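**Student:** Just so you know, the sequence shown maps onto residues -23 to -1, 1 to 323 in mature numbering (1 follows the signal peptide of the UniProt record, and there is no 0).
Just so you know, these hints were derived from the structure itself, not from any lab. Source: prediction; values computed, not measured. Treat the hints with care, since some could be wrong.
Claimed, not checked - Taking lysine to aspartate or glutamate and the EDC-like style, the derived pairs with C-alpha atoms no more than 20 Å apart in a straight line are:
1) K222 with D234
2) K260 with D105
3) K102 with D183
4) K178 with D224
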Amino acid sequence: MWNRWKLMKMSLVLISIIQFISSSNCQRTALDSPANIQLLRIFKDFGSRLIGNANFAQARLLRDAKERDNTQYRIPDSFPFPCNTTAGRSTTVPTSVNKLRPGDIDVIGAMGDSLTAGFGIYATKFLDMFIENRGSSAFGGGQGTWRDTLTLANILKEFNKNLFGFATGDAWSHHPASQFNVAESISMSRDLPYMAQCLIKRMRNDPRVDLLNHWKLVTIFIGANDFCSNMCWIPSAWASLDNHKADMMTTLRLLRDNLPRTLVSIVPPPHMQTLVEMRGRSKLCRITTDFECSCMFGLTFRHRREEFYEINRRYSLSFPYEITSYDFIVRRKILATTQLCALVFT
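Generate coordinates for the entire structure from the input sequences, incorporating the hints supplied.
**Tutor:** Structure follows, in structure tokens:
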């Protein structure tokens, strides 16, 4: 009978294997044989069962997070939803985004990296970081309600109770609970086209989705790994801007050609300088960031930080505006407070 320590050591090895395999591109390669994919899923599922989840109120992950004040304080029932929802849905399905209301969104989806996959949201221990709390993801999760889990989907559910597509709990991307949240941890912008193909396939094969009539909201939030782990390893760091732009344009064309009536919300990645200048990080946090964000924290590239900051800043300020100049963009809207760039395909 294995004791607890041996089980924990085996867990670390297992998770390391999962992390190593997952660190490769989510684009399909020669390694993506059905047998290898099935093996990876078995490893992931076993790790999830071993570590636990946050899918119900008394789950160990959620309970520990609450004890550490790592969760949202529940908003009491006596406090009403701050927006008027009575006129949130149109009486007839709008044919133009100019008349689109929050309640007109029937389907929600998300693409991105670990931030959208919910990687370690409720983590209080090292192993917990390898659980994707996808249902609590800000852009792709809909677990609970806005009172305990404030996400985009939980806000939209107040306007349309029949909204679907959000992740319903902890899940890997191959689990049914992930629904249309197809984000993959450690993804980069070059993975977006394949991710878009996966999302399109899921929506086409889901009998609940009326592709021609349902209004769909897809959020794309990616780029942190491009700046953290990739731009310092390519011949020209500045080329990452053009590469990111090309990948995004390919992705938008795929969505345009296959998902009519889709509102695409592009969220630029956070500026890495904020992460670098963060103080009070634990020893474990410092170790993991050195590994996961080597371009910013690695000693080899420390002398290039200012250059990398400028590349990051240039992307956040210019790219959302540039993509709206292309002829297939029907309409654009920039929300300066959150730096969102919204596109509409009809």
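**Student:** All hints are to be evaluated individually against the structure, with a verdict given for each.
**Tutor:** Verification of the hints:
1. K222 with D234: Answer holds: K222 to D234 is near 18 Å, not above 20 Å.
2. K260 with D105: holds, 16 Å
3. K102 with D183: Distance of about 37 Å is beyond 20 Å: violated.
4. K178 with D224: The hint holds at about 19 Å.
Hint compliance for this structure: hint 3 alone is broken.
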